[in-house]
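Peer 1: One letter stands for each residue in the lines below.
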Amino acid sequence: MKYLLSYFRKYRRESIIAPLFKMLEAMFDLLVPLVVANIINTGIAARDTGYILGQCGLLILMALIGLACSFTAQYFAARAAIGTATGLRHQLMAHIQKLSFTELDTIGVSTLITRMTADVNQVQNGVNMFLRLFLRSPFIVIGAMVMAFTVDAGAALIFLIAIPVLSVIVFGVMKLTSPMYKQVQQKLDAVTGATRENLTGVRVVRAFGREAAEAERFAQLNGELNAAQLRVGRIAALMNPLTYVVVNLALIAILCVGADKVNNSTLLSGDVVALVNYMSQILVELVKLANLIVLLTRAVASLGRVASVLDAETSMTYPEKSAQADSADEAVRFDHVSLTYSGAGDESITDISFRALKGQTIGVIGGTGSGKSTLVNLIPRFYDATKGTVSLMGRPVTDWTHDELRDRIAVVMQRAQLFKGTIRSNLLYGDTAATDEMLWEALETAQAAEFVRQKPGQLDEVVEQGGRNLSGGQKQRLTIARALVSRPDILILDDSASALDYATDAALRRALRHLPETTTTFIVSQRTSSLQHADQILVLDDGELVGCGTHEALMESCEVYREIHESQFRNDHAKGGAQA
Amino acid sequence: MSKQKKGLDLQTLRRVFPYVKPYRLHLLTSLLCASVSAAAALLIPIFSGNAIDCMLGPGAVDVAGVGKWALLIALSAVLAAIAQQFLATSNNRIAYCISRDIRNETSCKLQRLPLSYLDAHPAGDVVSRVIADVDAFSDGLLMGFTQLFTGVVTICGTLGIMLALNVSIALLVVVLTPLSLFVAAFIAKRTHRYFTEQAKVRGEQTALINEMIEGQKVIQAFGHEDESLAAFDEINGQLGKVSLNATFFSSLVNPSTRLVNNIIYAAVGLVCALFAIAENPAMTIGGMSVFLSYASQYAKPFNEISGVVTELQNALACVRRIFTLLDERDRPADAADAADLDAKGHVSLADVSFRYVPDRPLIEDFSLDVQPGQRIAIVGPTGCGKTTLINLLMRFYDVNEGAIRVDGTDIRQIKRQELRRSIGMVLQDTWLKAGTIRENIAYGKPDATLEEIIAAAKASHAHSFIRRLPNGYDTVITENGGNLSAGQKQLLCIARVMLTLPPMLILDEATSSIDTRTELRIQSAFAKMMAGRTSFIVAHRLSTIREADVILVMRDGHIVEQGNHDTLIAQNGFYATLYNAQFGL
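In the order they appear, the protein sequences are chains A and H.
Residue 580 is where the first sequence ends in the working numbering, and the numbering goes up by one at each step.
Residue 1585 is where the second sequence ends in the working numbering, and the numbering goes up by one at each step.
This is chain A alone, in the form it adopts within the complex (with noise of 0.2 Å):
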């Protein structure tokens, strides 16, 4: 809510004109019947076709006058929804630049997205609408009364006693229904599941010979979506029968109350009219106040879930003033590091130490899921290690500015993720100030040169959304070069090397040799052929580190190493061995 009322109070002109005005057309609405009224008790009684007539003029007037009311209302309500949404997206968007790897995992991508498009549209309506009616419906149900009693105070106390009592009826089977919409939902989710899961699944649910429990058990589902249907339709088609009902009593008694009324002459037949008209409206407003409810309830916890990414606080502070570089020749240490990742059951590193000198190559290698991205996460405190420390050129990692660590620090993931642009605005990323030369020579060094310099607009080549223009390989090599363009002092390859051909990536490992002396190079892979040449090879298993050294001295060392090795290489190398 603090995040709504913030732009409330920004869009303050518009918050307060809109319901105003629309206050204003609704006063209008409240009049008709009073005009109608005099219609009867004084033209027609009278006989006066000037007044008539001049009344039905008045109510055209009030019908325009409405109308240009409405019109204001409607043009404000828009800008201050959309002015809310517009500024949401944005304040979401910054928020979620600052949000650290361990919030982006815990919500997720698509639930940011989500909130990013329609839970913020839902806001949006839900302003839209609370500005235009929220204030309009009870107006005309409280207005309608007080005018009842202008009319006659007598004849009102029936509104008094009937307005709560339809407002019990239609609040009441809302709250009841409301909690059976949402269960109605979540059982209409499980039947698409079900229906997608079949068939996404069907060579297998086949396999197995699952067929019938499959039908079987799509039945029962959709028998309890049936069953919930029914029983919310049940509670809910109250509604339309009780109001009815309760506004024909008090219509009968307004009736009977006019009547004894109009006989003893303190009331008019035209007030009688009147009286009835307010009731019917009355009605008419409660039922869209009803639908108002449901779509603000329905904005509400758009707003809830929304208010809930922005709360989301990031769990990583970073230091006013960095870290002066301390150690001469080390670049990276670990010191008894472990990593729990939030939600997870249990440690996913454990207990890791190495060093890592200027200018060397690491490599690091082990199974799925043994924890060689998480080791390499934590380099760029992309996470905080929950045991130990990582350090950086002889300082703790946690000492560095957010700035600097970039700046030193370039990663190449998993996951080639390029952006809509052109090949060089992606290249820019990673240093905005670089020259066409430093591009091409990242190129180079990314074996990506060749490629580009075959697209027609070589650096201007268009990138489309996410990069699915170029191939796997080729978008692999873009985003080494970017990290290049950044000549960080440490470059960590996650494994970004695994769509490349053995040639290519053995052209890559030569190339990086290259780089200044000074740059430490992490390499992830899961092929032993890629790392033979590092200077130390980190070997992981389980989240233990199993082994660290040279390829060689793997070999004779660490059983592990050995297996993963053999498993690539196998017989060929026994063999090739045996011949030489």
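The hints are simulated quantities; they were obtained by calculation from the structure and are not laboratory data.
Note that the structure is predicted; figures quoted are calculated from it, not measured.
We put the CB at the ideal spot given by N, CA and C, even for glycine.
One should not assume that every hint holds.
[As the list claims (entries may be wrong)] Derived lysine-lysine pairs resembling DSSO-like cross-links, with alpha carbons at most 30 Å apart:
| # | chain 1 | residue 1 | chain 2 | residue 2 |
| --- | --- | --- | --- | --- |
| 1 | H | LYS1217 | A | LYS98 |
| 2 | A | LYS175 | H | LYS1021 |
| 3 | H | LYS1241 | A | LYS420 |
| 4 | H | LYS1200 | A | LYS98 |
| 5 | A | LYS420 | H | LYS1217 |
| 6 | A | LYS187 | H | LYS1217 |
| 7 | A | LYS10 | H | LYS1415 |
| 8 | A | LYS187 | A | LYS288 |
| 9 | H | LYS1415 | H | LYS1109 |
| 10 | A | LYS10 | H | LYS1200 |
[As the list claims (entries may be wrong)] Label pairs and their computed distance ranges (CB to CB):
| # | chain 1 | residue 1 | chain 2 | residue 2 | range |
| --- | --- | --- | --- | --- | --- |
| 11 | A | GLY472 | H | ARG1360 | 24 to 30 Å |
| 12 | H | ARG1360 | A | GLN220 | 39 to 45 Å |
| 13 | H | GLY1067 | A | TYR181 | 41 to 47 Å |
| 14 | A | SER178 | H | ALA1132 | 22 to 28 Å |
| 15 | A | LEU58 | H | GLY1067 | 34 to 40 Å |
| 16 | A | GLU461 | H | VAL1020 | 58 to 64 Å |
| 17 | H | PRO1446 | A | ARG513 | 55 to 61 Å |
| 18 | A | TYR181 | H | ARG1355 | 49 to 55 Å |
| 19 | A | ARG12 | H | VAL1078 | 48 to 54 Å |
| 20 | A | GLN220 | H | ARG1014 | 47 to 53 Å |
| 21 | A | ARG12 | H | GLY1067 | 51 to 57 Å |
| 22 | H | ALA1060 | A | THR150 | 24 to 30 Å |
| 23 | H | ALA1207 | A | ALA553 | 46 to 52 Å |
| 24 | A | GLU464 | H | ALA1531 | 47 to 53 Å |
Given the structure of chain A, go ahead and fit chain H onto it with the hints provided.
Peer 2: Structure of chain H alone, referenced to chain A:
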């Protein structure tokens, strides 16, 4: 075709009747109740008008008359209320139950459709038929019918009563009321442009949001947050502008139609009043109140009916899509004399030919004899027919010519379930059910004990990651294992097969997302399990298949080479080329 779209499609409509038939009593109730409630809605204003006419002035009030009309109002209101309740519940029952029936039918149909249909139609399309189309149909058709019915009853009733009361005013209302429809249509047409524009910009923004959020980690890793936010703000501002137009102009419809209605109201009031003060009054005060209330309500059924035709057309279009699905040919049923199977694992393919598309031959004259317990590896470039061979072995597709035999019996003479249960299959496309890890592993053997499940998970090297999950074996995985990595999903699929221990095994790129070392261990687990069992392995990672008894090298649907690793390398043919390309040797 276009003709069909315009008019109501009677043929489709006729097919709908059998679905309504079980609920015809409800339908009858619904129509009856709709008439009652419409009649009451029309009569009550008249009764109250008559009551008002009983109040001529001080001392001239016919109290008994007012009482009589009041009683009539009460009676009609209660009757109408009861009718409304029955109407709503009957309609609910008809709509919801027909949806349920149709959905169950489609679900059973899906289990019987041949793979050729399901492979050719995207899952999203079929899902939208089963879910959205069924909903749209039941809502649209039934609500459409009731609305049409009530609308017609109301319009006729209103007309009749107004004509009976006063012909000229009735004509005035009849002529003026549709004006509001025109105004609404007029504005809607003008605002259409703004909506298309809004949809376009919104689409662009959504695409950008998708890209930015998916690439958020990269943006942060390069410290590119400010630039990205600026790009976002630009399109955000643009959307704000077009949205304002679309929202504002479309919000003019309601006030404008209200204006028209108010003007009609004033006109009716004026004419009524003039009639009332004429020399011999053709209008009473009560009559005037009736007309005023009709004038304000008369536009409503027109609005509704104008929507009904589109709604009905839409509903029929939806149900047509469902019927098309239901009309698809089933896979052929099991032969009446289809045999059970207790397979030893002797598989033979004799002169098999197969093509997905009639004019594009794929597998031609393919013959192969596999002894029980042999390991067959199938290799070859993409699209050479490896996966097709598996489709045939599992009988997802039937051969066009020739025959596949298991233990000497043509697989078309074996019950499908028997055949498939004797083959364990792990595919590259790792499908998991929404449910717990435990349920997924036990998919082929629902009565397995936890010990058996854990043993299978250990054998497939899935145990170590499962125990690290928040709830271990009871961790719920989302639809298709969204919260697991590709490698983890593959391990679970392998565990699923490990538990059932079938006599034959098919591995289609079963370990493509698993690192080589784990893969090797799984292979050894498979090897242990497969001792004496026949297995078919498809892989493009050649290291996976070196140990096969027979390697089939396929190219364009034919076996081009056949033999074990060493002999094929020695041949220095296609296999050797593939092998060297992979390892760069």
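Peer 1: Decide, hint by hint, whether the structure agrees.
Peer 2: Against the structure, the hints:
Of the supplied pair hints, the one linking LYS1217 (chain H) and LYS98 (chain A) holds, its CA atoms being roughly 11 Å apart against a limit of 30 Å. A threshold of 30 Å between alpha carbons decides the hint, and for LYS175 (chain A) with LYS1021 (chain H) the separation of about 35 Å lies outside it, so the pair is violated. Pair hint LYS1241 (chain H) plus LYS420 (chain A) holds up; C-alpha atoms about 23 Å apart against a cutoff of 30 Å. Our distance criterion of 30 Å between C-alpha atoms is met by LYS1200 (chain H) and LYS98 (chain A), whose separation comes to about 29 Å.
Between the alpha carbons of LYS420 (chain A) and LYS1217 (chain H) the distance comes to roughly 16 Å, so the proposed pair stays at or under 30 Å and holds. At most 30 Å may separate the alpha-carbon atoms for a hinted pair to count; LYS187 (chain A) and LYS1217 (chain H) exceed this at roughly 35 Å. Distance hint between LYS10 (chain A) and LYS1415 (chain H) is unfulfilled; the C-alpha atoms sit about 71 Å from each other, more than 30 Å. Between LYS187 (chain A) and LYS288 (chain A) the alpha-carbon distance is near 28 Å, which keeps this suggested pair within the 30 Å criterion.
Using a Cα cut-off of 30 Å, the hinted pair LYS1415 (chain H) and LYS1109 (chain H) holds, with the two alpha carbons roughly 19 Å apart. Taken as a hint, the LYS10 (chain A) and LYS1200 (chain H) pair is honoured in the structure, with Cα atoms around 28 Å apart against an allowance of 30 Å. Between GLY472 (chain A) and ARG1360 (chain H), the C-beta spacing of about 28 Å keeps the proposed range 24 to 30 Å intact. Distance hint for ARG1360 (chain H) and GLN220 (chain A): a CB-CB separation of about 42 Å, consistent with the stated range 39 to 45 Å.
Checked against the given bound of 41 to 47 Å, the beta carbons of GLY1067 (chain H) and TYR181 (chain A), roughly 43 Å apart, stay inside it. Checked against the hint of 22 to 28 Å, the C-beta distance between SER178 (chain A) and ALA1132 (chain H) comes to roughly 23 Å, which is consistent with it. LEU58 (chain A) and GLY1067 (chain H) have their C-beta atoms about 35 Å apart, which keeps the hinted 34 to 40 Å range intact. Range check, GLU461 (chain A) to VAL1020 (chain H): about 59 Å between beta-carbon atoms, so the 58 to 64 Å window is met.
The hint said 55 to 61 Å for the Cβ distance between PRO1446 (chain H) and ARG513 (chain A), and at roughly 56 Å that hint holds. Here the CB-CB span from TYR181 (chain A) to ARG1355 (chain H) is close to 51 Å, well matched to the stated 49 to 55 Å. Hint check: ARG12 (chain A) to VAL1078 (chain H), Cβ distance near 50 Å, so the stated range 48 to 54 Å holds. Between GLN220 (chain A) and ARG1014 (chain H), the C-beta spacing of about 32 Å breaks the proposed range 47 to 53 Å.
The hinted range of 51 to 57 Å is satisfied by ARG12 (chain A) and GLY1067 (chain H), whose Cβ atoms lie roughly 55 Å apart. Taking the beta carbon of each, ALA1060 (chain H) and THR150 (chain A) are about 25 Å apart, inside 24 to 30 Å as hinted. Hint check: ALA1207 (chain H) to ALA553 (chain A), Cβ distance near 50 Å, so the stated range 46 to 52 Å holds. Take GLU464 (chain A) and ALA1531 (chain H): their Cβ atoms lie about 51 Å apart, and the range 47 to 53 Å holds.
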